[in-house]
Amino acid sequence: MQVSSVTNFGRSGLSDWLIQRVSAVILLLYIVCHSAIILNTPEMTYALWRDLFAGTTMRIFSLLTLLALCAHAWIGMWTVATDYLTTRMMGSKATLVRLVFLIGCLAVLAVYFIWGVIILWSV
Amino acid sequence: MLVSVYRYNPETDLKPSMQDYQVEIPGGKDLMVLDVLALVKEQDDSVTYRRSCREGVCGSDGMNINGVNGLACITPLSEVVKNDKLVLRPLPGLPVIRDLVVDMSIFYKQYERIEPYLQNDDPVPAIERLQSPEDRAKLDGLYECILCACCSTNCPSFWWNPEKFVGPAGLLQAYRFLADSRDTHTDERLANLEDPFSVFRCRGIMNCVAVCPKGLNPTKAIGHIREMLMERGA
Amino acid sequence: MANIRTMTFDGVIVGGGGSGLRAALELSQSGYKTAVISKVFPTRSHTVSAQGGITCAIASTEPDDDWRWHMYDTVKGSDYIGDQDAIEYMCSEGPQAVFELEHMGLPFSRNEDGRIYQRPFGGQSREYGKGGQAARTCAAADRTGHALLHTLYQANLKNNTVFFNEWYAVDLVKNQQGHVVGLIAICIEDGEVVFIKSKATVLATGGAGRIYASTTNALINTGDGIGMAMRAGVPQQDMEMWQFHPTGIYGAGTLITEGSRGEGGYLVNKDGERFMERYAPNAKDLAGRDVVARSMVLEILEGRGVGPEADHVLLKLDHLGEKVLNDKLPGILELSRTFAHVDPVKEPIPVVPTCHYMMGGIPTNIHGQALGQNADGSDRVIGGLYACGEAACVSVHGANRLGGNSLLDLVVFGRASGIYIEKMLSSGVEQQEASDSDLELGLSRLDKLNQSSSGEKVADLRKELQVIMQNHFGVFRKGDFMREGIKKLQAMRERIENPHLQDKSNAFNTARIEALELQNLFEVAEATAIAAEGREESRGAHARDDFTERDDENWLCHSMYYPETKTLGKRKVNFAPKTVPTFEPMIRTY
Numbered sequence: 001m002q003v004s005s006v007t008n009f010g011r012s013g014l015s016d017w018l019i020q021r022v023s024a025v026i027l028l029l030y031i032v033c034h035s036a037i038i039l040n041t042p043e044m045t046y047a048l049w050r051d052l053f054a055g056t057t058m059r060i061f062s063l064l065t066l067l068a069l070c071a072h073a074w075i076g077m078w079t080v081a082t083d084y085l086t087t088r089m090m091g092s093k094a095t096l097v098r099l100v101f102l103i104g105c106l107a108v109l110a111v112y113f114i115w116g117v118i119i120l121w122s123v
Numbered sequence: 001m002l003v004s005v006y007r008y009n010p011e012t013d014l015k016p017s018m019q020d021y022q023v024e025i026p027g028g029k030d031l032m033v034l035d036v037l038a039l040v041k042e043q044d045d046s047v048t049y050r051r052s053c054r055e056g057v058c059g060s061d062g063m064n065i066n067g068v069n070g071l072a073c074i075t076p077l078s079e080v081v082k083n084d085k086l087v088l089r090p091l092p093g094l095p096v097i098r099d100l101v102v103d104m105s106i107f108y109k110q111y112e113r114i115e116p117y118l119q120n121d122d123p124v125p126a127i128e129r130l131q132s133p134e135d136r137a138k139l140d141g142l143y144e145c146i147l148c149a150c151c152s153t154n155c156p157s158f159w160w161n162p163e164k165f166v167g168p169a170g171l172l173q174a175y176r177f178l179a180d181s182r183d184t185h186t187d188e189r190l191a192n193l194e195d196p197f198s199v200f201r202c203r204g205i206m207n208c209v210a211v212c213p214k215g216l217n218p219t220k221a222i223g224h225i226r227e228m229l230m231e232r233g234a
Numbered sequence: 001m002a003n004i005r006t007m008t009f010d011g012v013i014v015g016g017g018g019s020g021l022r023a024a025l026e027l028s029q030s031g032y033k034t035a036v037i038s039k040v041f042p043t044r045s046h047t048v049s050a051q052g053g054i055t056c057a058i059a060s061t062e063p064d065d066d067w068r069w070h071m072y073d074t075v076k077g078s079d080y081i082g083d084q085d086a087i088e089y090m091c092s093e094g095p096q097a098v099f100e101l102e103h104m105g106l107p108f109s110r111n112e113d114g115r116i117y118q119r120p121f122g123g124q125s126r127e128y129g130k131g132g133q134a135a136r137t138c139a140a141a142d143r144t145g146h147a148l149l150h151t152l153y154q155a156n157l158k159n160n161t162v163f164f165n166e167w168y169a170v171d172l173v174k175n176q177q178g179h180v181v182g183l184i185a186i187c188i189e190d191g192e193v194v195f196i197k198s199k200a201t202v203l204a205t206g207g208a209g210r211i212y213a214s215t216t217n218a219l220i221n222t223g224d225g226i227g228m229a230m231r232a233g234v235p236q237q238d239m240e241m242w243q244f245h246p247t248g249i250y251g252a253g254t255l256i257t258e259g260s261r262g263e264g265g266y267l268v269n270k271d272g273e274r275f276m277e278r279y280a281p282n283a284k285d286l287a288g289r290d291v292v293a294r295s296m297v298l299e300i301l302e303g304r305g306v307g308p309e310a311d312h313v314l315l316k317l318d319h320l321g322e323k324v325l326n327d328k329l330p331g332i333l334e335l336s337r338t339f340a341h342v343d344p345v346k347e348p349i350p351v352v353p354t355c356h357y358m359m360g361g362i363p364t365n366i367h368g369q370a371l372g373q374n375a376d377g378s379d380r381v382i383g384g385l386y387a388c389g390e391a392a393c394v395s396v397h398g399a400n401r402l403g404g405n406s407l408l409d410l411v412v413f414g415r416a417s418g419i420y421i422e423k424m425l426s427s428g429v430e431q432q433e434a435s436d437s438d439l440e441l442g443l444s445r446l447d448k449l450n451q452s453s454s455g456e457k458v459a460d461l462r463k464e465l466q467v468i469m470q471n472h473f474g475v476f477r478k479g480d481f482m483r484e485g486i487k488k489l490q491a492m493r494e495r496i497e498n499p500h501l502q503d504k505s506n507a508f509n510t511a512r513i514e515a516l517e518l519q520n521l522f523e524v525a526e527a528t529a530i531a532a533e534g535r536e537e538s539r540g541a542h543a544r545d546d547f548t549e550r551d552d553e554n555w556l557c558h559s560m561y562y563p564e565t566k567t568l569g570k571r572k573v574n575f576a577p578k579t580v581p582t583f584e585p586m587i588r589t590y
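Residue numbers (my numbering), protein chains in the order written: chain P, 1 to 123; chain D, 1 to 234; chain Y, 1 to 590.
Chain P extracted, bound-state conformation:
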């Protein structure tokens, strides 16, 4: 008996699980990287900050992180929704509530992503 994954975009539980871990590593690297830069820059100015993000490498790294963030958040929120917003917890209205909640999550993530891309490429 296969368990249907209904609203999951992932291929399988395994890919979800892998994406979750790989994206977490990217997010961690990004944070470490930026912390190091900030700590090693005695006086951070707007010009320095702008230059930092103007480089192609940093742009790709940031975009990757943005993607990782969205994927990580989506899988996480989907998991939370299928744990707590279920028929078992709230009866027959659960499917509708979960759908609305997940569409909300998607919308927020889409806004984040598009906004992020616009910022990155407007530098």
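Please note: incorrect hints may appear among the correct ones.
Pairs of lysine to aspartate or glutamate residues, derived as DMTMM-like cross-links and limited to a Cα-Cα distance of at most 20 Å, are as follows [unchecked claim]:
(1) K214/D with E464/Y
(2) K158/Y with D121/D
(3) K504/Y with E11/D
(4) K214/D with E93/Y
Derived Cβ-Cβ restraints for the label pairs, each shown as a range [unchecked claim]:
(5) T186/D with G264/Y: 35 to 43 Å
(6) P92/D with K448/Y: 51 to 59 Å
(7) P16/D with K448/Y: 27 to 35 Å
(8) N120/D with K33/Y: 44 to 52 Å
Calculated directly from the structure, the hints in this document are not laboratory data. Fair warning: this is a prediction, and the values are worked out from it, not measured in the lab. The beta carbon of each residue, even a glycine, is placed where N, CA and C say it ideally should be.
Got chain P; can you put chains D and Y on it based on the hints?
Below, chains D and Y without anything else, positioned relative to chain P:
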């Protein structure tokens, strides 16, 4: 000693309640919780619980004892009783049939779902199939499960998704057959577990390990299943 | 049909232990509509507690092993009242039955060459007793029963057997022609009473060790099948033969496998003396169980017992070393630590002979068909009724069962019953009918309980019964003392048939089940008592202070207890195996 027992009879009660019994422990003996329940039942024969082997191998009397899941028959009072009070509740997360007896259908269904029997398509030999002691040793810590449900009913993921998450007991058995050198259905078994629920709802919090009365480690088995799924995916 | 629902099956098996599941598997595999009725979820049946292993000449650890040597040991172990055709069948079919279990997935321990691990057990020999100790017991560590029961349940799941779990069989339904046509059962969860109609009814209900106060048996071992059969007028065979296992944990009654002695453990008295060397110079601690248990009791009676009451002895295992104990006897370590508060790696375990196994039961032939007797003493097959496992008396154990032979008995005769019923069904046997009045037996018992407004508590009556049996029908027995016990029992019948059931609920009413179980316990106890008083000799597990010798002239036979008249008769032992010469009775020494 004060024994507080969860009571619910679907024929007469609208909702469950706790009922207190005063039990005389003979001669200061360190009885097992099951012995105490027998003393309660002598006072009130309507108190209902399951029991069979009374030595921790049949898995009938899993219950929540002073807040912790365990087998009543191998849990001595000295291990659990504080302030001379014993609180007995049914295993959490499953529907209560009556008092300490829970409906385990969904638990058994998850066990059946992992096809808990050896599958081998090779022709049957005239004698036994051979297995090295090393390969046999891989089944230790897996085959000993007694299906008492202490672990699965201590697992939040199983509480939230008992229809979709196999749960620690079922997964331990899933790995028991994956690890058996005599089983040839590894690929089909793994394919059956790949979805986002069956295995991957395990968050590794090890609640199952903490309560297993046989000292087994389902979390570790689930880790092995994940590794096998990864190898298969790669 | 009365006011109750009727369900119809080709075969119905009462009991979800080893023999019941093996019989069910055979029938399910052949496609017949098969139901198993079990008062507990099948893997909670008492087979799960079997530890040491399943004895069978698969010639693994000793490649030249021979099933005939196993047969010799079993005949000798039975003190010559085991039926030799049945023992021959069990020992020769055994290897096939064990290999089938392995193919189903049973996780046997292994030897270096990959074959099944076998350990020495009591009463085992090579070359018909002349070649020294054999190692013939196939083991899955010391959890063989658990591994076996789970494997059989799993195999039944694979073959879609229909399970009625937590249903309790109340009584057989026998029609006016004396044919068993099914049974009355009650669903424990909701109290519904149904008539389950079947062409073949198999009683695989296990033992009744709970008739004694101190027993290794599970709380569910209440002889339900024996009680049902007796109420339907079926005679019982060799009911005086109760095995007391030498090593029950003192105080708790939980079992320590004979495999612990097979691995090299031994018994000592308060002086640290290995006393079995005196009683059984050759086999020592691996003599027959009856011999070891009696020796232990004698040591205690002669003041060499251990403890403040000098009422038990010790089982020493520490010399085997931690590794052997962890590999081969892990369950024993667990049980000793839990129930004896002793760590066998460091200290010996306090043990005492404890009621363990019912050699007697429903007489059957090797096909599992239940037998009654004609007026001339010849066997008469009871239509529609079968029995296997501990509830049955085929008889392969006679007056004393050898360790590891019970699991073999379960699978061989569970399988044999299934094979025979399959053959019978495919030959087109018709369902016999029952009338309303035939259902009355079971229904009236239920009604009586449901209407009880006075009477004694089940728990009190049960305790009283167990104490009588423990005191009057223990390891050593004496005529006048047994007659006193029988009187006490007879005075209990009326009280046990009319206990007070306070809880009349239909929702998972375990009080009602316990009352019904008590009535079965009583039937078994009374049969045991009358048979024990009647057999005026000492043989196997039946040891009398007033008849200390074996009496082959008068008692080289089965005892038959007739429940309708509460009298004792005899039945011939089979001395005619088909492929080997008869093993003639000899003096039994170890």
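Point to revise | 20 Å limit on alpha-carbon distance, applied to hinted pair K214/D and E93/Y | key: With Cα atoms ~35 Å apart, K214/D and E93/Y exceed 20 Å; violated.
Review point. Cβ-Cβ distance between N120/D and K33/Y: within 44 to 52 Å?
Key: 28 Å, violated
Check your understanding: When you check the alpha-carbon spacing of K158/Y and D121/D, does it fall within 20 Å?
Key -> Holds. K158/Y to D121/D sits at ~14 Å (cutoff 20 Å).
Review point. Could one say that the CB atoms of T186/D and G264/Y fall in the range 35 to 43 Å?
Key: 39 Å, holds
Practice item. Given the hint of 27 to 35 Å, check if P16/D and K448/Y actually sit that far apart at their C-beta atoms. Key: For K448/Y against P16/D, whose Cβ atoms are near 32 Å apart, the range 27 to 35 Å holds.
Review point. Is K214/D close enough to E464/Y, meaning Cα to Cα at most 20 Å?
Key: 35 Å, violated
Exercise for review: Using the Cβ atoms, figure out if P92/D sits within 51 to 59 Å of K448/Y.
Suggested key: With a Cβ separation near 39 Å, P92/D and K448/Y fall outside 51 to 59 Å, so the hint is violated.
Check your understanding: For the pair supplied as a hint, K504/Y and E11/D, is the alpha-carbon distance within the 20 Å limit?
Key -> Roughly 11 Å between the alpha carbons, so the hint for K504/Y and E11/D holds.
Of the numbered hints stated above, those contradicted by the structure are hints 1, 4, 6 and 8, listed in ascending order.
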